[in-house]
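Novice: Taken in sequence, the protein lines are chains A and B. Note that our numbering numbers the first sequence so that position 37 is 38, with each residue one more than the last. Note that our numbering numbers the second sequence so that position 30 is 31, with each residue one more than the last.
For the record, the hints were derived by calculation from the structure and aren't laboratory data. Each hint should be verified, as a subset may be incorrect.
According to the in silico footprint, chain B covers these stretches of chain A (three or more CB under 8 angstroms from chain B) [as the list claims (entries may be wrong)]:
no. : region
1   : 18-27
2   : 31-41
3   : 72-81
Each residue gets a CB set at the ideal place from its N, CA and C atoms; glycine is no exception.
Take a look at the letters that make up each chain.
Protein chains: 2
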Amino acid sequence: MKKSFGAKTLIFPAPVWCVGTYDADDIPNIMTIAWGGICCSDPPCVNVSLRKATYTYGNIMERKAFTLSVPSRKQAKEADYFGMASGKNVNKFEKAGVAPVKSKLVDAPYPEEFLMVLECEMIHNLEIGLHTLFVGKILDVKIDESVLNDKGEPDINMVAPLIFTPVYGGYYDVGAFVGKAFGVGKELMK
Amino acid sequence: MKKSFGAKTLIFPAPVWCVGTYDADDIPNIMTIAWGGICCSDPPCVNVSLRKATYTYGNIMERKAFTLSVPSRKQAKEADYFGMASGKNVNKFEKAGVAPVKSKLVDAPYPEEFLMVLECEMIHNLEIGLHTLFVGKILDVKIDESVLNDKGEPDINMVAPLIFTPVYGGYYDVGAFVGKAFGVGKELMK
Numbered sequence: 002m003k004k005s006f007g008a009k010t011l012i013f014p015a016p017v018w019c020v021g022t023y024d025a026d027d028i029p030n031i032m033t034i035a036w037g038g039i040c041c042s043d044p045p046c047v048n049v050s051l052r053k054a055t056y057t058y059g060n061i062m063e064r065k066a067f068t069l070s071v072p073s074r075k076q077a078k079e080a081d082y083f084g085m086a087s088g089k090n091v092n093k094f095e096k097a098g099v100a101p102v103k104s105k106l107v108d109a110p111y112p113e114e115f116l117m118v119l120e121c122e123m124i125h126n127l128e129i130g131l132h133t134l135f136v137g138k139i140l141d142v143k144i145d146e147s148v149l150n151d152k153g154e155p156d157i158n159m160v161a162p163l164i165f166t167p168v169y170g171g172y173y174d175v176g177a178f179v180g181k182a183f184g185v186g187k188e189l190m191k
Numbered sequence: 002m003k004k005s006f007g008a009k010t011l012i013f014p015a016p017v018w019c020v021g022t023y024d025a026d027d028i029p030n031i032m033t034i035a036w037g038g039i040c041c042s043d044p045p046c047v048n049v050s051l052r053k054a055t056y057t058y059g060n061i062m063e064r065k066a067f068t069l070s071v072p073s074r075k076q077a078k079e080a081d082y083f084g085m086a087s088g089k090n091v092n093k094f095e096k097a098g099v100a101p102v103k104s105k106l107v108d109a110p111y112p113e114e115f116l117m118v119l120e121c122e123m124i125h126n127l128e129i130g131l132h133t134l135f136v137g138k139i140l141d142v143k144i145d146e147s148v149l150n151d152k153g154e155p156d157i158n159m160v161a162p163l164i165f166t167p168v169y170g171g172y173y174d175v176g177a178f179v180g181k182a183f184g185v186g187k188e189l190m191k
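Kindly produce the complete structure, drawing on both the sequences and the hints.
Specialist: Structure, rendered in structure tokens:
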């Protein structure tokens, strides 16, 4: 039997990603979001949704660029802080002791200590309601060499991204390998 | 040191969700996607991206509705199959032995056996490139009572959604609780 929970933003999993931008004074800002995903393969794009009230919203509208970085399990404290404080009042990079790196590809900064970083050019914005959806064209993905396996591929358990549970506000770890995509379902293709 | 991976749809985590639709003959169809996320709190909305070549794309354009359901670790085989076969050629519900339930709220079916289901009305579509992004307004979230804890809340480890690694095509489990959002970062607010 299924129970009805009503019209809620309740689905698992949601990501925990940090959006890096510059403000009008070139002060780097960073904000954590869970409303986002990949949205196109060609050109490769991601989407993130922001409320107009956020400092990051104005920064992206002005600079047409942002970075998206993946905090690791060990950076849950910093990621959570980046989602609570506002760049209107504080330089969150400084306060958290995280170093802003100026992207060479887009007009936005990213946190040096984070293991996986996407540099994005904003190519669409769509007002939906409380949130505006921004589409960012991915120009590069940078991954720390410490989390690459012996084939040179990023190991998700070493990147250790956080999983968010909307409504209930929990951060979770990634667990064990379950199976290969375009693999475990092949027996049903017969 | 960070290594450059180029312009790729490479970020962790991505979800594994199944999109339920009806075709012009009212045959239920279901397709697995990993390009999607939550995109607005009010009205509560999710987004999913589809290639025009998919059967689901035409179904959503025609019926303006879809369901989004979350396969569990134990349904990895069915989910993987739903991402490989096309509804143009086969009734995937029948082939996988999954029962389509007609939503009472939107013009789309969902798989009875799946533990978490969202019923959505398509309110926007945005062509980005190879993929079109669809925004679905969530009318209800239905969750199987078997995965609710003693507070009546869904337990993510019981729902056991799959985590997808883009580019590398792996399915992973959700792991342990790491901390509370709007909690673990509070000490940096001081």
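Novice: Verify this for me: three or more residues of the region 72-81 of chain A with a beta carbon less than 8 angstroms from a beta carbon of chain B.
Specialist: Three-residue rule met by the region 72-81 of chain A, so holds; n is 6.
Novice: Are 3 or more residues of the region 31-41 of chain A near chain B, judged by a Cβ distance of less than 8 angstroms?
Specialist: This one holds; 7 residues, not fewer than the three required, reach chain B with a Cβ under 8 angstroms.
Novice: Taking a Cβ-to-Cβ distance below 8 angstroms as contact, does the region 18-27 of chain A have at least three residues touching chain B?
Specialist: violated (count 1)
The structure fails to meet hint 1 from the earlier list, while all remaining hints are met.
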